[in-house]
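K.L.:
Let the hints inform the model, and build the full structure from the sequences given.
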Amino acid sequence: MKLLYARTSPYVRKVLVLAHETGQAEAIEIGPVAAVPTERNPDTVGHNPLGKVPTLVLDDGTALFDSRVICEYLDARSAGPRLFPDGEARWDALARQALADGLLDAALLLRYERVLRPATARWDAWEAGQVAKIAGALDRIEATLAGPASALDIGAVATACALGYLDFRFPDLGWRTGRPAAAAWYEAFGRRPSMQRTTPED
1 MKLLYARTSP YVRKVLVLAH ETGQAEAIEI GPVAAVPTER NPDTVGHNPL
51 GKVPTLVLDD GTALFDSRVI CEYLDARSAG PRLFPDGEAR WDALARQALA
101 DGLLDAALLL RYERVLRPAT ARWDAWEAGQ VAKIAGALDR IEATLAGPAS
151 ALDIGAVATA CALGYLDFRF PDLGWRTGRP AAAAWYEAFG RRPSMQRTTP
201 ED
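With full-length UniProt numbering, letter number 181 in the sequence shown gets 181, and the count goes up by one each step, no holes.
Check each hint, because a few of them may be wrong.
[What the hints assert, rightly or not] Dumping the calculated DSBU-like pairs for lysine-lysine here, alpha-carbon to alpha-carbon at most 35 angstroms:
| # | residue 1 | residue 2 |
| --- | --- | --- |
| 1 | Lys2 | Lys52 |
| 2 | Lys133 | Lys2 |
| 3 | Lys133 | Lys52 |
In short, the hints are calculated from the structure, not lab data.
P.N.:
In structure tokens:
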């Protein structure tokens, strides 16, 4: 298997963290590609018409894309730990993954607005809307993590990668302020080897 990969992508990180946690990281070849939303990279588009990372190319040439699909594929083939639970716990884990991915969607749109869009064309209301989505997601994460510690599942992995992306790209947002439960949880989760080995770098 080959993972088309950008080191700064939080969605790629989610896939890699799951791969480490399920003992499959060594089975995945990493293929670095440039991932810029305003340019279509032929190395990626040849496998994924959306031109996005992560894209997982299987040994038979089949390509899987979207981090949620790739994570579930890897989890299904894991001979060890499973991060997609069964029964009622599955829906809770998937809902927490969706919340974390939604936070990341807003954060990436905010990043593009601040970095890629010309200053004269920026839309303050758009930026404020994305910041509000991030804050709302963080408040829900805080409320969720204020109870018993969550299990190691896809919801936890997605949440950790989302919070890590805020540290990486948006330290100015100060997401820990007023959210002690989420801050303490992330500090502990961030010490996992899977997180340490996948720390993003520019």
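K.L.:
Take the hints in turn and mark each one as holding or not.
P.N.:
Each hint tested on the structure:
Proposed proximity of lysine 2 and lysine 52 is supported: the alpha carbons are some 14 angstroms apart, at most 35 angstroms. With a C-alpha separation of about 33 angstroms, the suggested pair lysine 133 and lysine 2 falls inside the 35 angstroms cut-off, and the hint holds. At roughly 23 angstroms between alpha-carbon atoms, lysine 133 and lysine 52 fall within 35 angstroms of each other, so this suggested pair holds.
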